[in-house]
Amino acid sequence: MEKTSGVPSLEALDLHCTRGERTLFKGLAFTLRGGELLRIVGANGSGKTSLLRIACGLLEPTGGTVRWGGEDVRRLQEEFWSRLVYIGHANALKDDLTAAENLRVACTLAGIGARDAQIVEALRLLGLSGFERLPVRTLSQGQRRRVALARLALSETMPLWVLDEPFTALDAAAMNCVQDLIGEHVSRGAAVMYTTHHEASITAAVSLRIDLEGS
Amino acid sequence: MLAALRCVIHRDLLLATRRSSDVLTVLLFFVIVVSLFPLGIGPDPALLRTIAPGVVWVAALLASMLALNRMFAADHADGTLEQMLLGATPLGMTVAAKVFAHWLISGLPLVLISPVLALQFDFPQELLGVLALSLALGTPILSLIGAIGAALTLGLRGGGALLSLLVLPLYVPVLIIGAGAVEAAASGLGGQAQLLLLGGLLVFAGAFAPWAAAVALRISVE
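From first to last, the protein sequence lines are chains A and B.
So in the numbering used here, spot 32 of the first sequence is number 32, and the numbers just go up one at a time.
Position in the second sequence (first residue = 1) + 1000 = the numbering used here.
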């Protein structure tokens, strides 16, 4: 995947986040370069999701900036977003559409043109063979999560992945599969930022960790 | 980018066909409201003919307001909206595609059925075209204006009532011009002036409303 080499770095400068009356974190700074894996840890309500949303440019920080290749992500907009994969708490699936239709919509919105065969293959990788043509309504929570995460298998060329609790509701096999996907992506030279409460063992050359408790 | 827009429209239409009760509710509301007037007012052809344009237009306006809440709510609830916000396509374009799909689902059926309903009012046949045309130009404006309101009130408790208060004043000019076009045509003056005005409004709303709604969505999702 040549496209991901020479990945611009994601820099957070002096981030400050207040939700309501509560200050979640302030003076937070980090740099995430290509080939690095960043795990955000912290208790419930410590601001992990807010931090990820700020990093994506979905949420405006109370203070500070997030830069991608030296430019503010909220100014770059589509230029940044077309290179980002964000998988949030919500699976972003439509109950009335099938797994394959949902995956195709997600990919098209993200600007990834995926052929039918690739979509079937991605679902197979996540252990969803035979479920492609079923409405998502009929799937279990874990299977829905797998459909949402199947996007990762088609996002090899995206230089930044931001994953919010990717392992929620997954069984051991699916968790291993997603960990492998993340590990491979980092080894390709892309950057991945994630949160999890699970004991994840992802192999990466550079593994960073931010603890929101301490700040 | 065109692929993404086609995909959004296709997805919304697909969802509408799989959940057709939502579409039918709006259409049924329109049919019922319009049909109740002749029953309530009584068989006075001259009076019915006079009130027909106003009744059809008011009913269309209320019906299209009924559908507004749903424009972004489902996408907001299941997280798809976040993905649209972070998509590779400029959000204004995505919103425009969504509004177009919304109009196809909730506005176009009203336009198509309006000539049939107008027959209950002993409405002159040669004016049915003007009525349908005024609705065809006017209902997309209602959807476009409504999109801004729906985006602003997204995720608010009691957003429905607020949404009506927000968009109603903006709907009034469209109602006056739209119903006015049919009345002018009925009185023999010809409704071209009003129809042209509606067309102008549609172009204006089409160019600006999606971007305003996009900004409102970004604020709502924070």
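Quick caveat, the hints were computed from the structure, so don't treat them as lab data.
Honestly, I wouldn't trust all of these hints.
Pairwise CB distance ranges, derived in the manner of DEER restraints [stated by the list, open to error]:
1. A1161/B <-> E78/A: 30 to 40 Å
2. M1001/B <-> R19/A: 55 to 65 Å
3. L1062/B <-> G183/A: 35 to 45 Å
4. G1200/B <-> D116/A: 17 to 27 Å
5. L1156/B <-> V206/A: 35 to 45 Å
6. E60/A <-> L1062/B: 32 to 42 Å
7. H197/A <-> S1021/B: 34 to 44 Å
8. N44/A <-> V1116/B: 52 to 62 Å
9. G1206/B <-> E71/A: 42 to 52 Å
10. R19/A <-> L1128/B: 48 to 58 Å
11. T62/A <-> T1050/B: 33 to 43 Å
Facing chain A, a subset of chain B residues (Cβ under 7 Å, in silico) [stated by the list, open to error]:
12. C1007
13. R1011
14. L1015
15. S1021
16. D1022
17. R1070
18. A1073
19. G1079
20. A1088
The beta-carbon is built from N, C-alpha and C at its ideal position, and this holds for glycine as well.
Okay, the hints, checked on the actual structure:
1. A1161/B <-> E78/A: 30 to 40 Å: holds (35 Å)
2. M1001/B <-> R19/A: 55 to 65 Å: violated (34 Å)
3. L1062/B <-> G183/A: 35 to 45 Å: violated (56 Å)
4. G1200/B <-> D116/A: 17 to 27 Å: Distance hint for G1200/B, D116/A is violated at roughly 44 Å.
5. L1156/B <-> V206/A: 35 to 45 Å: holds (43 Å)
6. E60/A <-> L1062/B: 32 to 42 Å: Distance hint for E60/A, L1062/B holds at roughly 37 Å.
7. H197/A <-> S1021/B: 34 to 44 Å: holds (39 Å)
8. N44/A <-> V1116/B: 52 to 62 Å: holds (57 Å)
9. G1206/B <-> E71/A: 42 to 52 Å: violated (31 Å)
10. R19/A <-> L1128/B: 48 to 58 Å: This hint holds: roughly 56 Å between Cβ atoms.
11. T62/A <-> T1050/B: 33 to 43 Å: Given about 59 Å between the Cβ atoms, the range is violated.
12. C1007: holds (4 Å)
13. R1011: Since the shortest Cβ distance to chain A is 5 Å, the answer is holds.
14. L1015: Interface hint status for L1015/B: holds (6 Å vs cutoff 7 Å).
15. S1021: violated (12 Å)
16. D1022: violated (11 Å)
17. R1070: violated (13 Å)
18. A1073: Result: violated, 13 Å to nearest chain A Cβ.
19. G1079: For G1079/B, the interface hint holds, since the closest Cβ of chain A sits about 3 Å away, which is under 7 Å.
20. A1088: holds (3 Å)
Going down the numbered hints, you'll see the structure goes against 2, 3, 4, 9, 11, 15, 16, 17 and 18, while the others check out.
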